[in-house]
Structure formats: C-alpha cells, structure tokens
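Undergrad: With the hints as constraints, model all of the structure from the sequences given.
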Amino acid sequence: MRQTQLIPGVAVVLLAAALATGCSGGHSAEAGSGPSDSSVTATPTPGSTAAKMIGSSSTPSTAASNGYPTTPAAPGAAVPQVRDAFAVLQATYNDSCGTPGNCQYFLNRLLTNLDDLGNSMKASPKGTAHFRQPLAWIGQMQTALDGDFTFDNLHKHQSLLVTTRDKINTWMQSYPDDYR
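Count the sequence shown with mature numbering (1 follows the signal peptide of the UniProt record, and there is no 0) and you get residues -29 to -1, 1 to 151, in order.
Don't take each hint at face value.
Only pairs whose alpha carbons sit at most 20 Å apart, straight line, appear in this in silico EDC-like list of lysine to aspartate or glutamate [to be verified]:
(1) K138 with D148
(2) K138 with D149
(3) K97 with D149
(4) K138 with D55
Label-pair ranges, simulated between beta-carbon atoms [claimed, not checked]:
(5) S145 with A62: 14 to 22 Å
(6) T70 with D137: 13 to 21 Å
(7) K127 with P147: 30 to 38 Å
Since the hints were made in silico from the structure, they are not lab data. Using N, Cα and C, we set each Cβ at its ideal position, and we do this for glycine too.
TA: What follows is the structure in structure tokens.
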C-alpha cells in the first residue's frame, strides 16, 4: 500500500527534473537566434553566457568575472572546491587530440577545466597568494588566447594548454592537502 502512495511523488520529482534539464541545456548568448552552427563561435564578453555549440552539446558558458569559458553553475551555487576542480582537470589525462575527431572537444574541455580550477583557487579560503604560481600560469594561458576560443586558436595554442595543465599537476602534487 505504501508503494502506491510513493509512485505519484516519484513521478512529480522525475517530471520536475526533466523540466529543469530541458530548460538549462544548450542556451546561447542570443536567445531565439535559432539553431547553432558548430562552425560558429559566439564572441564572449564579460557578463554574457556565450556558448559554442559542438554537435548537439554545448561547451560551457562564459564566466562573467573573467570572460573565459567555465562550467555553468546554478545561480547562487558555490564555486567548486580546488580538489574537485583539480580532479576534473586530471581526467583530461585520458583524452587527447590523438583520437580522430576528438581534438576540438578535448581542447575546449581542457580550457574550461583550467579556467574552472583557476576560479576555484581564487575562491579558496587559502587565498590567491597560496595559489600564486598556478594562477600565473592560467593567466599567461588566458593572455595568449586573447579571448579567441575558436578551434583554430585553441589548436594553435594546444601545447600551451597541455603544458599549463601539466605544470599545475606537478605543482599540486607538492601540495596534497589541496587535492585530498
């Protein structure tokens, strides 16, 4: 008898989750601009939520604070802890441009993960002085990209993106309390 009372409640929760998911995916900076072309990249500006569409999935929106791609978060959600952002970045070690058809996804993912980690470091209670060196590397990478997130520019700076990730990984290994 108790199960029949729970089923309508479960249906409501599933319906709400489906609606929330449908409302939050694939938005670009220009509402109502029609289907997105995978060859077009929105030009990010501070305060916008520009997204580059790749196939049917979008890359993360632009952070209002720095103009670089970051993972979209729910309004009012806290910035992920450094250890969580670092774990996501480390997952890029299993990916590369070496897999056919994967390079654009990989480079966008790497850029986004580095920017997310930088935002986490800036929001950390340890303060930016503790993360001075990795934040400098991320800043140098962002300066070199000069706000151009097109695949051509990311591919041109592929070595810089990978080197930045690797230097941060080496630095973090010296500070296990930051990622454990």
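Undergrad: For K138 and D149, compute the direct alpha-carbon distance and say whether it is at most 20 Å.
TA: Distance ~15 Å between K138 and D149 Cα, so the pair holds.
Undergrad: Could one say that the CB atoms of K127 and P147 fall in the range 30 to 38 Å?
TA: 34 Å, holds
Undergrad: Within a Cα-Cα threshold of 20 Å, do K97 and D149 meet the stated pairing?
TA: 9 Å, holds
Undergrad: Given the hint of 14 to 22 Å, is the C-beta distance from S145 to A62 inside that range or not?
TA: Cβ of S145 to Cβ of A62: about 20 Å, so the range 14 to 22 Å holds.
Undergrad: With the threshold set at 20 Å, check whether the alpha-carbon distance from K138 to D55 stays at or below it.
TA: 18 Å, holds
Undergrad: Does the Cβ-Cβ separation between T70 and D137 fall within 13 to 21 Å?
TA: Holds - the Cβ-Cβ distance for T70 and D137, about 19 Å, lies within 13 to 21 Å.
Undergrad: Between K138 and D148, does the CA-CA distance stay at or below 20 Å?
TA: 18 Å, holds
Violated hints are absent here; each numbered hint is respected by the structure.
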